[in-house]
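Chemist: This is what each chain is made of:
Protein chains: 2
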Amino acid sequence: MSLPTHVTLCDVGPRDGLQNEKQLVDTAVKVELIHRLQAAGIRRLEATSFVSPKWVPQMGDNAAVMAALQRRPEVAVAVLVPNAKGMEAALPTRPDEIVVFTAASEAFAQKNINCSIAESIERFAPVVAQAKAAGTKVRAALSCALGCPYEGDIAPEKVGAVAAQLRAIGVDHLGVSDTIGVGTPRRVQAALEQALKHFPLGEVSGHYHDTYGQALANVYASLEVGVATFDASVGGLGGCPYAKGATGNVATEDVVFMLNGLGIETGVDLDALVDAAAFISEALGRPPVSRVARALLAKRAG
Amino acid sequence: MSLPTHVTLCDVGPRDGLQNEKQLVDTAVKVELIHRLQAAGIRRLEATSFVSPKWVPQMGDNAAVMAALQRRPEVAVAVLVPNAKGMEAALPTRPDEIVVFTAASEAFAQKNINCSIAESIERFAPVVAQAKAAGTKVRAALSCALGCPYEGDIAPEKVGAVAAQLRAIGVDHLGVSDTIGVGTPRRVQAALEQALKHFPLGEVSGHYHDTYGQALANVYASLEVGVATFDASVGGLGGCPYAKGATGNVATEDVVFMLNGLGIETGVDLDALVDAAAFISEALGRPPVSRVARALLAKRAG
Chain A
618 MSLPTHVTLC
628 DVGPRDGLQN
638 EKQLVDTAVK
648 VELIHRLQAA
658 GIRRLEATSF
668 VSPKWVPQMG
678 DNAAVMAALQ
688 RRPEVAVAVL
698 VPNAKGMEAA
708 LPTRPDEIVV
718 FTAASEAFAQ
728 KNINCSIAES
738 IERFAPVVAQ
748 AKAAGTKVRA
758 ALSCALGCPY
768 EGDIAPEKVG
778 AVAAQLRAIG
788 VDHLGVSDTI
798 GVGTPRRVQA
808 ALEQALKHFP
818 LGEVSGHYHD
828 TYGQALANVY
838 ASLEVGVATF
848 DASVGGLGGC
858 PYAKGATGNV
868 ATEDVVFMLN
878 GLGIETGVDL
888 DALVDAAAFI
898 SEALGRPPVS
908 RVARALLAKR
918 AG
Chain B
618 MSLPTHVTLC
628 DVGPRDGLQN
638 EKQLVDTAVK
648 VELIHRLQAA
658 GIRRLEATSF
668 VSPKWVPQMG
678 DNAAVMAALQ
688 RRPEVAVAVL
698 VPNAKGMEAA
708 LPTRPDEIVV
718 FTAASEAFAQ
728 KNINCSIAES
738 IERFAPVVAQ
748 AKAAGTKVRA
758 ALSCALGCPY
768 EGDIAPEKVG
778 AVAAQLRAIG
788 VDHLGVSDTI
798 GVGTPRRVQA
808 ALEQALKHFP
818 LGEVSGHYHD
828 TYGQALANVY
838 ASLEVGVATF
848 DASVGGLGGC
858 PYAKGATGNV
868 ATEDVVFMLN
878 GLGIETGVDL
888 DALVDAAAFI
898 SEALGRPPVS
908 RVARALLAKR
918 AG
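Here the protein sequences come in this chain order: A and B. Just so we're aligned, residue 618 is where the first sequence starts under the numbering used here, counting upward by one. Just so we're aligned, residue 618 is where the second sequence starts under the numbering used here, counting upward by one.
Take these hints with a grain of salt, some might be off.
Note: identical chains are not told apart, hence a pair may lie in one copy or across any two.
[Claimed, not checked] Pairs of lysine-lysine residues, derived as BS3-like cross-links and limited to a Cα-Cα distance of at most 27 Å, are as follows:
| id | residue 1 | residue 2 |
| --- | --- | --- |
| 1 | 728 | 671 |
| 2 | 639 | 814 |
| 3 | 728 | 916 |
| 4 | 702 | 916 |
| 5 | 639 | 728 |
| 6 | 916 | 639 |
| 7 | 814 | 702 |
| 8 | 639 | 861 |
| 9 | 639 | 702 |
| 10 | 861 | 671 |
For the record, the hints were derived by calculation from the structure and aren't laboratory data. None of these values were measured; they are calculated from a predicted model.
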């Protein structure tokens, strides 16, 4: 079984990672982090979120972050957009991509976005249309695609059903998100196969949390079904709101280490990436949760 | 591709895990840990090591541990034996298995056991013969089978060559050990395939360190080539002597979580295993490094 020869990594640390931080992070630190990621070879990233600062105060500096970024033509910068109002605020900052989101679990949708899955998609339809009219690519993050804190295991067919609805409103790319990190390799493959019924191979990505240590095994299993785009978070930024003290997003360094070992191109410089992890970890005042960052930083310290 | 339906886990925490602890652990704590592992459904474990207490003071209570164990007929208890003298001390304690060891890297063998690989095997030959005469099964741990801190990557053919020599002196079982945790899935499969040229499928196991977070991906890749026996360490006990602060043995809980998700039988009760991880972590005064233990303990704490 041959694996993809090239993988695209989207670093979600500046958005999905930092949004969980209670202490406000300086805009300058966020911008420096993104610049370091770009310099390390990251070519897709989530920079910020245009949610209400009442919901997520950490992302209140969204427009300032976007304004301060030294954009590079080869780097696609995405921002999260929760609704039409967020879209209005986001568009003037010229994101390359917007990210909309729903869930594969009805209970999760109700508890987190206060509507059904179908309603959330209906509400996003005009936002997607507006983005497309502006020439902006639209990604959808499908939360709880493997399991839900309220419903437990999610059937792969549910992923397929919601994928079809998202495709129908014009979404370009689907991120299959294991929000609570309970997925294991064969179940991840089954979920991806459902997504691939409605999106082309290059437009399906895996977004795996490492809460139970399964993320890299799931990335490997995803490669086996041809998926070659993954979200990851520098330094493993981003905890798990459903289990305090547990791990959230898979660390970008850990993914790059595995892909390097598999001989798969990422364009990312592992040492520069570990430097970026060390930078943000120091700014946050705690060591990175990434195993690769910890091991390489310990080796450097001798 | 079908995976094995049943996996046997050997918990090496009481030996490989605890031997790295500077502070002496009470014999009673070690024995209680082993009893808890047995109660959780672990059916193979490494209880202690008959090395000189000058080298490894932590294992100085080896005979006392073995004497205090409530043995169960269904549990195979292994002890590490470095030489003929260790074998003399080990045999009266009636281990079900002894573990001898060498390396796939000449540089590592020289630095760690002060002889060549060939010399180490020659020295173990009478020990193996003695064990076989006593009806004791012999496992060999092949260190640095994927990479070496001095030589870098190890060619899979080197694993095959040493495996052949170990088989020739009567070793029953080969443990392919990624001592420094640098292996990635395809390289692990290549090393295992070399081992399988000389040992039957049921007598090859994977021993993976999680230093770079690769261990579970490597377990999954091993299942794909049919290997169904793995070492793991409760709570992820055992650091990495080559990078202080980095992770060592893969945590048994993390492996069980993945195997449960894959529908593979282990006979291990995950909750009871997490209890055992919590017990030893409390005794050592620090949280487990296992992602599953951390997440499940955080969930229990609410």
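Chemist: Could you tell me which of the hints above the structure violates, numbers in ascending order?
Modeler: 2, 4, 7
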